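Colleague: Residue strings, one per chain:
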Amino acid sequence: MKRRRFLKSMLALLGSTTLLSFLYPLLRFIAPPTGEARVERIVIPKDEVPTGGAKEVVYRETPVIIINRPGKGYIALSRVCTHLGCLVEYDGRKGRLICPCHAGVFSLDGVVLSGPPPKPLPRFSLRIEGENILIG
Amino acid sequence: MTLWQRIIRWLDERIGLTELVDTHLKGYRVPSEAGVFYTLGMVAVVAYAIQAVTGFVLLIYYIPHADYAFHGLQEIMRKAPFGWLFRMMHVVGSNMMVAVLFLHLFSVFFTGSYKKPRELTWLTGGLMLLFALLFCLSGYLLPWSQLSYWATTIVTAMPTAFPYLGEYVTRLLRGTEHVSGVTLNRFFALHVAILPPFLVSLMGLHVFLIRRTGISPSPFRRSEGQAGGYPLYPHFLLKGLFMVMVYLAVMFFIISFMPTLFLPAEANVPADPYKTPAHIKPGWYFLAPYQMLKLIPNKFLGIFIELLLLGVFLLWPFLDTKEERNIMRRPLLLGVFLLTLTLWILLTLWGKYS
Ligand code: FES
Chain L
1 MKRRRFLKSM LALLGSTTLL SFLYPLLRFI APPTGEARVE RIVIPKDEVP TGGAKEVVYR
61 ETPVIIINRP GKGYIALSRV CTHLGCLVEY DGRKGRLICP CHAGVFSLDG VVLSGPPPKP
121 LPRFSLRIEG ENILIG
Chain G
1001 MTLWQRIIRW LDERIGLTEL VDTHLKGYRV PSEAGVFYTL GMVAVVAYAI QAVTGFVLLI
1061 YYIPHADYAF HGLQEIMRKA PFGWLFRMMH VVGSNMMVAV LFLHLFSVFF TGSYKKPREL
1121 TWLTGGLMLL FALLFCLSGY LLPWSQLSYW ATTIVTAMPT AFPYLGEYVT RLLRGTEHVS
1181 GVTLNRFFAL HVAILPPFLV SLMGLHVFLI RRTGISPSPF RRSEGQAGGY PLYPHFLLKG
1241 LFMVMVYLAV MFFIISFMPT LFLPAEANVP ADPYKTPAHI KPGWYFLAPY QMLKLIPNKF
1301 LGIFIELLLL GVFLLWPFLD TKEERNIMRR PLLLGVFLLT LTLWILLTLW GKYS
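Quick note, the sequences are listed as chains L and G, same order. Residue numbering for the first sequence follows my numbering, beginning at 1 and increasing consecutively. Residue numbering for the second sequence follows my numbering, beginning at 1001 and increasing consecutively.
Pulled out of the complex, with its shape left as it was, chain G reads as follows (with noise of 0.2 angstroms):
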């Protein structure tokens, strides 16, 4: 007997290793249709796993301090070894990480695997794109450059259009009347400290859902496939892991050839509180949001809208109760789902444009 097995026998023994990886990966069975669409909240764990990674990485030269925290950060980039590959990592893994919830998103949306018993997973699903975007935010301004400093202005700023809470809760998140080094603890504490508890809890109740009630059947499927479907392991998984690796030659790929994509020149100037840079923008994916608010002459109006649009979104499932699952038998839903991608392609592009 190998070594090997000796080790597997150990466990098995004490924790009925092969009882569990017969139950829960063998004999676990997902659709015969699940295609590469539904590895994505697999790629999505991957990535926030990168993400993690490389942010412990980081944490070990980053200061988070206003006058060290730019140069801190270029000193990592330019002397620590590897330095500039971990924070490319971080910097393009949170765009990619955010690309993937949204392509996760539509294809739960698509397939209508929202509706019951589901609803509760994607109430959780909704809630941690949310969190993923308050990584982003929070981590947006860690950089402590130009872009950082003026796009953070901006977003705290947003909650100024509630009349009386408003201005407070401004106050809260920046410490101060103006975004500052008090800001910038807090933000870091919130992006290394209190949002990851948080996340790692809704991921742990998603996959927890999702193998309680099972991956949904695809309302597109012509056939009956293989009876019962196929094992998560290996069939499953094996795709998933294809996919983690098109995930991450896509990564090297901007690394390596549009290295500054995610970082214009604004995030290469240390912040100016007393100067604001021409045409400062957010994150692609906040642009859509955004330029709306620039579109509605009334701030107080645009994020109440917003905010509506938000509710909507988490509690689709609980509105839309009709049993039929096929979009494509619902002329109406598809045009609907059309129509807001359409337009959130739409004023990203204008918001990146204008």
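Same shape as in the complex, but just chain L (with noise of 0.2 angstroms):
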């Protein structure tokens, strides 16, 4: 009987090991590919976005929008909706940021103000050189 048992489990270590080690690597074949840091930097002309106006971009395969805000000076948000992920339209005459799926608003400096996005719209960090914007 002990031999028995002995002999079982070693059947069942013997599978669990076979199933594991086809498992392993096919998880990791499907798994997503960690995204590589690529160093990109987007320039664009200042005179583009006047003020009031806005430029759609992609940076880092992410669609983004740059906003000239009237007093408030340039700001790089993401376009992609915090609730599900459609990309906000720019209504540059209600000074907001308008999710065509769900109706999530959002100030021009990415603020939720309604609808269902739990999370502000993300930042990019943004510099002023000469007569460029520059992101990245």
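In short, the hints are calculated from the structure, not lab data. Do not take every clue at face value.
Unchecked claim - Below are the EDC-like pairs computed for lysine to aspartate or glutamate, each with C-alpha atoms no more than 16 angstroms apart in a straight line:
(1) G:Lys1275 - L:Glu56
(2) L:Lys119 - L:Glu129
(3) L:Lys55 - L:Asp91
(4) G:Lys1115 - G:Asp1320
(5) G:Lys1275 - L:Glu89
(6) G:Lys1275 - L:Asp91
(7) G:Lys1115 - G:Asp1272
(8) L:Lys119 - G:Glu1167
(9) L:Lys94 - L:Asp109
(10) G:Lys1116 - G:Glu1323
(11) L:Lys46 - L:Glu129
(12) G:Lys1322 - G:Glu1119
(13) L:Lys72 - L:Asp109
(14) G:Lys1116 - G:Glu1306
(15) G:Lys1275 - L:Glu61
Here the structure is a predicted model, which is why all the values come from computation and not from measurement.
Take the two lone chains, each set in its own frame, and fit them into one complex as the hints suggest.
Modeller: Okay, structure coming up:
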């Protein structure tokens, strides 16, 4: 009987080892690749974003909007809504960013004003160098 | 002896064909009150078969690549002979298959057919419904239209409601930060290679369980009907065949007279990852949970409640263990059933028109 138990546990051990040795490479294979930290920089002439205007760009594969807020200057925000990922649209007249999917409304600083988004829009650091706006 | 009879005899000598037909088709009895609602399972199997066959045909021309998928599908619709027919059958069929599964589920629930000893039959059926929805979800992205792209963006963002693990799950589903060509390939593999064997195995298990426990008699029958019920063949199978014809008639009615029912305007615009169209909506079968998520202000709470409801649905036979199968004698259960149904319909309509 003891021998039988020993053989059973060996079989279980062998079976699970075989399974795991296939499972691990499989999981690694389908896991999302870790994004390499790429150095990217975007340069935009200031006159492309007049006061009260905005420009859409793509930075590190993320859609970004650069807004020239009246009296507050430039800001770069992710356009990806923090609710479920739709892209917010700039409404210059109302001075708001509006998500077309579930009517999430953000201020021009990226703060949630109304609707379901749980967090503000992520902000990207931005610098002014001479006549240019630099992101990254 | 005709050639046909000789073939039958040849098979009979080798695999006992006559005995097989006598015991499993003619000898298998179905409750005499088994009406058209009892055939919905059979219709669902045929519906899935139609999806599989039209899917195989579409595979001949479809290119699972972000640069070609949309235009390739347009070419299938316009240039490939009868390409439009197979595509439309696949699109309309997917929606109708879900509708049939829902109806099947309602009738099983209403007749209390999930009760002991049929708990596992319910469980496998519930899992099959989930797999059918996964099929719909993965297939939704493949045309690579604006509708596909943004509906998939919304659905794959749902796990982010869960702290820590959520972001990872979303990235795992998408393969990249945002929905991209990598996501398209993942969903394509899921749709054509990973999901089918699971669904077919579940279907096999479901049918096996039905054969083991027998079709449950209706709790509403008044008279005893024909003693011992009717034979599966020809009575019940013919009834099923009639319902399959009804299914096909509805399908071709939609294809002929309402071709845009499941293909709104955004389905004809190629995916643009930098422009979200206004009022993007998931398929009608996801509208109720989608609207619910919109209404519950806390994203985590919303998804948590939905998962809880899903668990209750799958494990229902283990929660409702009362022996009484006639729902008319259980006013509370009837009330809950009607309330849930009404809520589901209301949320779906609200989701559609909000
Ligand atoms: S995705 Fe923006 S409000 Fe829902």
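Colleague: Are the hints correct? Go through all of them and say.
Modeller: Verification of the supplied hints:
1. G:Lys1275 - L:Glu56: Distance ~11 angstroms between G:Lys1275 and L:Glu56 Cα, so the pair holds.
2. L:Lys119 - L:Glu129: Violated: L:Lys119 and L:Glu129 sit about 30 angstroms apart, past 16 angstroms.
3. L:Lys55 - L:Asp91: holds (12 angstroms)
4. G:Lys1115 - G:Asp1320: holds (8 angstroms)
5. G:Lys1275 - L:Glu89: Holds - the C-alpha atoms of L:Glu89 and G:Lys1275 are around 9 angstroms apart, at most 16 angstroms.
6. G:Lys1275 - L:Asp91: holds (14 angstroms)
7. G:Lys1115 - G:Asp1272: This hinted pair is violated, its Cα atoms lying about 49 angstroms apart.
8. L:Lys119 - G:Glu1167: holds (14 angstroms)
9. L:Lys94 - L:Asp109: holds (14 angstroms)
10. G:Lys1116 - G:Glu1323: holds (8 angstroms)
11. L:Lys46 - L:Glu129: holds (9 angstroms)
12. G:Lys1322 - G:Glu1119: Holds: G:Lys1322 and G:Glu1119 sit about 13 angstroms apart, inside 16 angstroms.
13. L:Lys72 - L:Asp109: Distance ~10 angstroms between L:Lys72 and L:Asp109 Cα, so the pair holds.
14. G:Lys1116 - G:Glu1306: Violated: G:Lys1116 and G:Glu1306 sit about 26 angstroms apart, past 16 angstroms.
15. G:Lys1275 - L:Glu61: Given pair G:Lys1275, L:Glu61 holds - Cα atoms ~14 angstroms apart, limit 16 angstroms.
Consistency note: the structure conflicts with the earlier hints numbered 2, 7, 14.
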